[in-house]
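Novice: Model the placement of chain V on the given structure of chain W, informed by the hints.
2 protein chains.
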Amino acid sequence: MRKLVEFIPNFSVSSQKDEETFNRLVEVAQSVPGCTLLDAQSDGSHNRSVFTMTGSPQAIEEVAFRLCKKAAETIDLRKHQGAHPRMGATDVMPFVPTQDVSLEECIALSKRVAERIWNELKIPCFLYEDSCSSEERRNLATIRRGEFEGMAEKLLLPEWQPDYGDRKPHPTAGVTAVGARMPLVAFNVNLDSDDLEIAKTIAKTIRGSSGGFKYCKAMGVRIEETGKVQVSMNMVNYEKTALYETFDAIKKLAGEAGISITGSEIVGLTPAKALIDVAAHYLKLEGFDCYKQVMEYHLGE
Amino acid sequence: MRKLVEFIPNFSVSSQKDEETFNRLVEVAQSVPGCTLLDAQSDGSHNRSVFTMTGSPQAIEEVAFRLCKKAAETIDLRKHQGAHPRMGATDVMPFVPTQDVSLEECIALSKRVAERIWNELKIPCFLYEDSCSSEERRNLATIRRGEFEGMAEKLLLPEWQPDYGDRKPHPTAGVTAVGARMPLVAFNVNLDSDDLEIAKTIAKTIRGSSGGFKYCKAMGVRIEETGKVQVSMNMVNYEKTALYETFDAIKKLAGEAGISITGSEIVGLTPAKALIDVAAHYLKLEGFDCYKQVMEYHLGE
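Taken in sequence, the protein lines are chains W and V.
Note that numbering that gives the first Met the number 0 has the first sequence beginning at 0, numbered continuously upward.
Note that numbering that gives the first Met the number 0 has the second sequence beginning at 0, numbered continuously upward.
If you're looking for bench data, these hints aren't it; they were derived computationally from the structure.
Mixed in with the good hints, there may be bad ones.
Which copy is meant is left open, because identical chains are indistinguishable; a pair holds if it fits in one copy or across any two.
What the hints assert, rightly or not - No farther apart than 25 angstroms at their CA atoms in a straight line, the calculated lysine-lysine pairs in the BS3-like style are these: (1) Lys283 x Lys199; (2) Lys121 x Lys199; (3) Lys78 x Lys227; (4) Lys239 x Lys283; (5) Lys283 x Lys227; (6) Lys213 x Lys167; (7) Lys153 x Lys291; (8) Lys283 x Lys203; (9) Lys250 x Lys239; (10) Lys68 x Lys239; (11) Lys199 x Lys291; (12) Lys291 x Lys2; (13) Lys250 x Lys283; (14) Lys251 x Lys283; (15) Lys110 x Lys291; (16) Lys283 x Lys213.
Just chain W, with the same shape it has in the complex:
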């Protein structure tokens, strides 16, 4: 089976405000054999671009460095204005295990990339998410607080020594966050009720932060179009907290309140395995080896 890593770098530039620089970054993203640019989205008011790439670990490691280099050469954060918070020309670089690659391999990859960025480009790097050197650095928002303009001062604080580099941001490219994380599945369950409190109570019961499933973030929301309520979730590690676990728990809790589930939805992308695990659970599959028995995992080898 082919090893694949997903890579979703965020750059502080937009095609709407600087098409030339955006196009240069797209060219670099397409310059390394063995990886593919799946999507390049740009938002003018945020003045920010998000690329979605996939490829072999080696190819992704190389293209990550090249993109960060090109962004440092072409983006000057002293002139950047946009609604989205940012601290670097390349603001954040997450690496996500996708196929036959462990989270640990992606963590090691992210550390090599961050080290090379400091050594060759002199951009200080913070490790975040599952690559973090301490729990205080897991959350990107915490690292980024103060943004580019406040970063020179922040790096001098005792607790904000970068993981790679000196206590001084790059003059035009700032600092960059680099890290590995599991793919995230946005999974919502719709309730046949207009009682927002019920949805909020169920969300609170199942989410990790209040003692529920460790790898589930959840909130109760009302859907404007229908007036009905929903338990809206981010499944941050579907291997450790499966979609069926939260679905069954919500079904049970709603049932105790006399409410039925009308359906569910997945927003955006999901790894096949998050759903194959659901099928295996409900069919009570025995002795099933997903990576050996699912045809698509053998394609493109």
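Specialist: Same frame as chain W, now just chain V:
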């Protein structure tokens, strides 16, 4: 998304009895860019080899012809002995839609391959499975009856004019069956019972041939190791008869007989979509577009 066809040619030769010829076929299978040989199995007593390949429709179309040509050059059926019935050097060539390819595209592909085999190699071809020109020719066993030794006489019968070619087998390569079919999923459901009659009755109720689910073949069997019984199924079109339909039906019928389901199993390979459809059903997913939202379908584009 990348278009992919699976191709599983069967050759009347084995590595155990003629390693040289087997190796030549493996070389040819690896000679066309854009397709991959996933597996090459050989059985000495059957004196037969089965290759499993995948690739773009164009690449598979080309490699299919090249393999048939090499087999005709290197296998002499007049000398072939083996336990497995056969009628051609290349005995049968099924094409299976795997990713972003319709069954109709595979049918058209199979007809082009069969026509070229007749035109350039002078091997008569029958179209079978979903490519068949009449229902009497859908089943491979019906076409192959009489085997190589009886084929000269059979082709002279009014109803056995080949779909491509004259009423005369190739002198050393015989005739070949070419066709398209949906991927097959071998899916078994285990019952907490040692009563074979129960399993047989359930199998009869759910299988297409006795009025049940059209695209489900089923039989009741006893598992020697456990003494328990099983409903053993071939799901021949999981898009038209889904795995969850038969699973739920078996669960209901067994329940009516006071028997529970202990588990199920998938034997060999399955397309991811056969299981993703199961997950979407049990989670009641709304507005879900498998090909757009499952990450793996975008890989290797």
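Novice: Hint by hint, work out which the structure violates, then give me just those numbers in ascending order.
Specialist: 2, 3, 6, 7, 10, 11, 15
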